[in-house]
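Novice: Read off the chains here:
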Amino acid sequence: MIDFVRNVRLWFAPEEVREEGRTPDYRFSLANERTFLAWLRTALALIGGGFAVDQFLPHLRWAWRVGLALALLAAGVLCSLRAINHWVRCERAMRRGEDLPTSRFPALLSVLVAVVAVVMVVVVLAGRAG
Amino acid sequence: MNGPGPDGIGSGPDGAGSGRDGAETGRDGARTGRSGSGAGRDSAEAERDGSGAGRDGTATGRDGTTAERDGSGTGRDSAGAGAERDGSGAGRDGVGVGAGRRDPGLQPERTRLAWRRTTLSGTVAAVLAVRATLHGGATAGGLVVCAVCCLLWLCFLLIAQFRIRHLDRAAPRALPPRLAAAAVAATVALAVCAAALIA
Chain A
13 MIDFVRNVRL WFAPEEVREE GRTPDYRFSL ANERTFLAWL RTALALIGGG
63 FAVDQFLPHL RWAWRVGLAL ALLAAGVLCS LRAINHWVRC ERAMRRGEDL
113 PTSRFPALLS VLVAVVAVVM VVVVLAGRAG
Chain B
520 MNGPGPDGIG SGPDGAGSGR DGAETGRDGA RTGRSGSGAG RDSAEAERDG
570 SGAGRDGTAT GRDGTTAERD GSGTGRDSAG AGAERDGSGA GRDGVGVGAG
620 RRDPGLQPER TRLAWRRTTL SGTVAAVLAV RATLHGGATA GGLVVCAVCC
670 LLWLCFLLIA QFRIRHLDRA APRALPPRLA AAAVAATVAL AVCAAALIA
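For the protein sequence lines, the chains are A and B, in the order given.
So for the first sequence, the numbering used here puts the first residue at 13; every next one is plus one.
So for the second sequence, the numbering used here puts the first residue at 520; every next one is plus one.
Be aware that one or more of the hints could be misleading.
Said to hold, decoys possible - Here are the simulated distance ranges between beta carbons: (1) 75/A - 653/B: 38 to 48 Å; (2) 122/A - 688/B: 17 to 27 Å; (3) 86/A - 695/B: 23 to 33 Å; (4) 658/B - 17/A: 32 to 42 Å; (5) 715/B - 34/A: 38 to 48 Å; (6) 657/B - 35/A: 47 to 57 Å; (7) 137/A - 684/B: 14 to 24 Å; (8) 657/B - 140/A: 28 to 38 Å; (9) 137/A - 688/B: 49 to 59 Å.
Unchecked claim - From the structure, some residues in chain A lie toward chain B, with a derived Cβ separation under 10 Å: (10) 35; (11) 40; (12) 44; (13) 48; (14) 71; (15) 86; (16) 93; (17) 103; (18) 126; (19) 128; (20) 132.
It should be emphasised that the hints constitute simulated quantities derived from the structure, not laboratory data.
All C-beta atoms in this analysis are idealised placements derived from N, C-alpha and C, irrespective of residue type, glycine included.
Isolated chain A, as found in the complex:
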């Protein structure tokens, strides 16, 4: 948890990142940046998905629709926070010559998206039948 707080500080303190270790080959930094952008794209896609659930399933009950949409939006927010946190940690690891950090987040996100998708299918089919 302390580590996370330290990382958050580094989001806004560019000079501090450069203080430690050696500057890696800029291509590694660019690759790290592309990963960061990929996570951001995932977050934006989840936000778009939240909108889509709200707009394209009008016959769903209000509670289900809003619940699913908010779940997707929350996943989007988590992805964007994960994007910058992971970017900072990787940049630091590259500077120090350490291994890149591992994380359970991708697995958790996959499970969440799968669950939401299954719930959506069930709810839509139940709505059609009932």
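Since the structure of chain A is already known, use the hints to place chain B on it.
Specialist: Same frame as chain A, but now just chain B:
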């Protein structure tokens, strides 16, 4: 990890499939081929991306050829000869390829395209936000939130343009954390506006 360091040692490989970049330097014929997970030592084997989150991996085989696979699902590139064969560019001074010589692996260009892809996703989200506002009659509050969404979209576009302009230089520097934080803040704010529009 250090890719091509001046001592030619590089760093320990990680077999876990985390999608790293490894660049090889040939120094006096000594092979220091270091790659991320699953990289075939005798062939230009690319790294498998297990997370689906668009990790780029560069692997270099013993003979120094490079194949890059982009796991983001938007198209696979294979750029050859991304490694510095003679070791004169990458890493001697820790800065990268020499001034005036752009990366043959087209990394700055790929990063620029990645920014463009991200603004495209942002555009889709913004269009859906506008649609959500206008659908079924627009309330005053809805219009305000919609305007905020459009402003956030514009901010994101400006951030991307600023960074892309920088990438066009000969030796681009790493992404400044403040820019990254601004992009993330715009995304989170968009999500908050979405919640306001939906509920």
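Novice: Determine for every hint whether it applies to the structure shown.
Specialist: Evaluation of the provided hints:
Look at residue 75/A against residue 653/B: about 24 Å separates their beta carbons, and that is not inside 38 to 48 Å. Taking the beta carbon of each, residue 122/A and residue 688/B are about 38 Å apart, not inside 17 to 27 Å as hinted. A hinted range of 23 to 33 Å for the beta carbons of residue 86/A and residue 695/B is consistent with their spacing of about 28 Å. Between residue 658/B and residue 17/A the CB atoms are about 40 Å apart, so this pair conforms to the stated range of 32 to 42 Å.
Between residue 715/B and residue 34/A the beta carbons are some 45 Å apart, a value that agrees with the proposed interval 38 to 48 Å. Distance hint for residue 657/B and residue 35/A: a CB-CB separation of about 50 Å, consistent with the stated range 47 to 57 Å. The hinted window of 14 to 24 Å between residue 137/A and residue 684/B is violated, with their beta carbons roughly 50 Å apart. Checking the proposed 28 to 38 Å range against residue 657/B and residue 140/A shows it holds: the Cβ atoms sit about 30 Å from each other.
Taking 49 to 59 Å as the suggested C-beta distance range, the pair residue 137/A and residue 688/B conforms, at roughly 54 Å. Taking 10 Å as the C-beta cut-off, the interface hint given for residue 35/A holds, the closest approach to chain B being about 5 Å. Satisfaction of the interface hint for residue 40/A is found here, the shortest Cβ-Cβ separation to chain B being roughly 5 Å, below the 10 Å cut-off. Given hint, residue 44/A at the interface with chain B, holds; its Cβ is 8 Å from that chain's nearest Cβ, closer than 10 Å.
The beta carbon of residue 48/A is positioned within 10 Å of a beta carbon in chain B (closest approach about 6 Å), and the interface hint is therefore held. The interface hint given for residue 71/A is broken, as the beta carbon of that residue sits about 14 Å from the closest beta carbon of chain B, more than 10 Å. Taking 10 Å as the C-beta contact cut-off toward chain B, the hint placing residue 86/A at the interface holds, the least distance being around 8 Å. The interface hint given for residue 93/A holds, since its Cβ lies 7 Å from the closest Cβ of chain B, which is under the 10 Å cut-off.
Checking residue 103/A against chain B by beta carbon gives a least distance of about 7 Å; that is within 10 Å, so the hint holds. The beta carbon of residue 126/A comes no nearer than 12 Å to any beta carbon in chain B, farther than 10 Å, and the hint placing it at the interface is violated. Checking residue 128/A against chain B: minimum C-beta separation of about 15 Å lies over 10 Å; hint violated. Of the supplied interface hints, the one on residue 132/A is violated, with its beta-carbon coming no nearer than about 15 Å to a beta-carbon of chain B, more than 10 Å.
When the structure is compared with the earlier hints, violations turn up for hints 1, 2, 7, 14, 18, 19, 20 and for no others.
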